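Asks: Residue numbers for the sequence shown, in the working numbering: 563 to 877.
Among the hints, erroneous ones may be present.
As the list claims (entries may be wrong) - Listed next, the in silico DSSO-like pairs over lysine-lysine satisfying Cα-Cα at most 27 Å (straight line):
1. 724 / 849
2. 782 / 724
3. 761 / 774
4. 728 / 774
5. 577 / 597
6. 736 / 570
7. 570 / 597
8. 736 / 774
9. 728 / 761
10. 761 / 724
11. 728 / 570
12. 626 / 570
13. 745 / 724
14. 761 / 849
15. 774 / 745
16. 597 / 626
17. 745 / 761
18. 737 / 761
19. 761 / 798
20. 728 / 745
21. 737 / 724
22. 626 / 577
What the hints assert, rightly or not - Just the calculated beta-carbon pair ranges, DEER-fashion:
23. 626 / 860: 18 to 24 Å
24. 840 / 599: 35 to 41 Å
25. 864 / 825: 27 to 33 Å
26. 768 / 841: 31 to 37 Å
27. 761 / 867: 15 to 21 Å
28. 578 / 685: 28 to 34 Å
29. 825 / 620: 47 to 53 Å
These are computed hints drawn from the structure, not numbers from a lab.
Since this is a predicted model, take the numbers as computed values, not measurements.
Ideal placement from N, C-alpha and C gives every residue a C-beta, glycine not left out.
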Amino acid sequence: MNSAYIGKLMELAEKDPDIIHLLADSGTGYDEMFKRNFPNQMYNFGIGEENMVAAAAGMASVGKKPFVFTAGAFLAYRSMEFIRDDVCFQNLNVKIIGMGSGLSWSSLGPTHHTTEDISVLRAIPNLMILSPATPRQVAACVQTAYEYDGPVYIKIGMNHEKEYFKDGYVHDVKKSDCLRDGKNIAVFVTGSILDEAMKACEMLEQNGISVKLINVTTIKPFNENEVLDIVKQIQKIAVIEEHNIYGGLASIISETIAYNGLNARVIPIGLNDTFAGGYGTHAMVRKVNQLDSISIYQRCLLYTSPSPRDVEESR
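Work the whole structure out from these sequences, hints included.
Replies: Structure, rendered in structure tokens:
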């Protein structure tokens, strides 16, 4: 996803000299490539994320188009006050890209995990929040952010995420992507955990459970009507996210259902008010925290199995 981000930013920077790429000692070989091609459009602020966000606000105030890029945890938490006061309160045209969504920084532990950023940032007015699942979605979300005049936060993975979208994919802020159609359970997923969700849905289908899988890329502004239309047809809802279930996508969908007076049960599949345990590869940490495809499948299978009450009422 990092290469998709830098590749798209270079494409835009070639046409627009007002684009500025800002780093906080988080650069990769891709960033070195950007610097070689656009030496006057990149600044490294070192370990100074708050200063970087504040400087981006200043650049935006004079017409520049800053893209702030570093580890998501250091942006969403350490720099939150600056995102709120300097960028969003002023409604400035700053793009904030959090690298390493969810448990991506698997070997570095909870200090580097970005598992509460949606909860923290979605309460801030004026901030668009995007959560792409694949490299092509990353590129499309960068395009959306560039075209949007205002603050945007994009959370991206960093572990060679599998591609599920065709070349030329275009992100639509007002529309999610339905990747499977079904009738027994509706599964909503966001971010790079899409691959685990896809595998879990395949296992459910093999057990005769028809699954509707919806990939949610736009977290804010949230498209309530899509959820309402689905819930009117399917009352069993599962939400998969590599994030704390408190304040994340499961909370957003539950709020949407409750606020509109609909009747559906939501099963949240994420971190249940806890920091993630374990260290190692991304796959290992997901498994330890029951966010791998088999664990997701088992949760959904249990949820879709008829209860004794359902059996009794069907007689």
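Asks: All the hints need checking, so say for each whether the structure fits it.
Replies: Evaluated hints:
1. Distance check on the hinted pair: residue 724 and residue 849 sit about 18 Å apart at the alpha-carbon level, within 27 Å; holds.
2. Between residue 782 and residue 724 the CA atoms are separated by roughly 24 Å; this keeps the pair inside 27 Å, and the hint holds.
3. As the CA atoms of residue 761 and residue 774 are separated by approximately 13 Å, the hinted pair is consistent with the 27 Å bound.
4. Distance check on the hinted pair: residue 728 and residue 774 sit about 20 Å apart at the alpha-carbon level, within 27 Å; holds.
5. About 16 Å separates the Cα atoms of residue 577 and residue 597, which keeps this hinted pair within 27 Å; it holds.
6. As the CA atoms of residue 736 and residue 570 are separated by approximately 22 Å, the hinted pair is consistent with the 27 Å bound.
7. Among the hinted pairs, residue 570 with residue 597 is consistent with the structure: their alpha-carbon atoms are about 14 Å apart, no more than 27 Å.
8. About 19 Å separates the Cα atoms of residue 736 and residue 774, which keeps this hinted pair within 27 Å; it holds.
9. A distance of roughly 19 Å separates the Cα atoms of residue 728 and residue 761; the hinted pair therefore holds under the 27 Å criterion.
10. The suggested pairing of residue 761 with residue 724 holds, with an alpha-carbon distance near 12 Å, which does not exceed 27 Å.
11. Between residue 728 and residue 570 the CA atoms are separated by roughly 16 Å; this keeps the pair inside 27 Å, and the hint holds.
12. Simply put, residue 626 and residue 570 have alpha-carbon atoms about 18 Å apart, close enough for the 27 Å limit, and the pair holds.
13. Simply put, residue 745 and residue 724 have alpha-carbon atoms about 26 Å apart, close enough for the 27 Å limit, and the pair holds.
14. For the hint linking residue 761 to residue 849, the alpha-carbon distance of about 14 Å falls within 27 Å, and the restraint holds.
15. For the hint linking residue 774 to residue 745, the alpha-carbon distance of about 6 Å falls within 27 Å, and the restraint holds.
16. With a C-alpha separation of about 17 Å, the suggested pairing of residue 597 with residue 626 holds against the 27 Å cut-off.
17. Distance hint between residue 745 and residue 761 is fulfilled; the C-alpha atoms sit about 18 Å from each other, no more than 27 Å.
18. Proposed proximity of residue 737 and residue 761 is supported: the alpha carbons are some 23 Å apart, at most 27 Å.
19. Taking the CA atoms of residue 761 and residue 798, the gap is near 19 Å; set against the 27 Å cutoff, the hint holds.
20. Among the hinted pairs, residue 728 with residue 745 is consistent with the structure: their alpha-carbon atoms are about 25 Å apart, no more than 27 Å.
21. Of the supplied pair hints, the one linking residue 737 and residue 724 holds, its CA atoms being roughly 21 Å apart against a limit of 27 Å.
22. Pair hint residue 626 plus residue 577 holds up; C-alpha atoms about 14 Å apart against a cutoff of 27 Å.
23. The given range of 18 to 24 Å is broken by residue 626 and residue 860, whose C-beta atoms sit roughly 50 Å from each other.
24. For the pair residue 840 and residue 599, the supplied restraint of 35 to 41 Å holds, since their beta-carbon distance comes to about 39 Å.
25. As the Cβ distance of residue 864 to residue 825 is approximately 21 Å, the hint placing it in 27 to 33 Å is violated.
26. Between residue 768 and residue 841, the C-beta spacing of about 33 Å keeps the proposed range 31 to 37 Å intact.
27. Between residue 761 and residue 867 the Cβ separation comes to about 20 Å, which falls inside the hinted range of 15 to 21 Å.
28. For the pair residue 578 and residue 685, the supplied restraint of 28 to 34 Å holds, since their beta-carbon distance comes to about 31 Å.
29. Between residue 825 and residue 620 the beta carbons are some 50 Å apart, a value that agrees with the proposed interval 47 to 53 Å.
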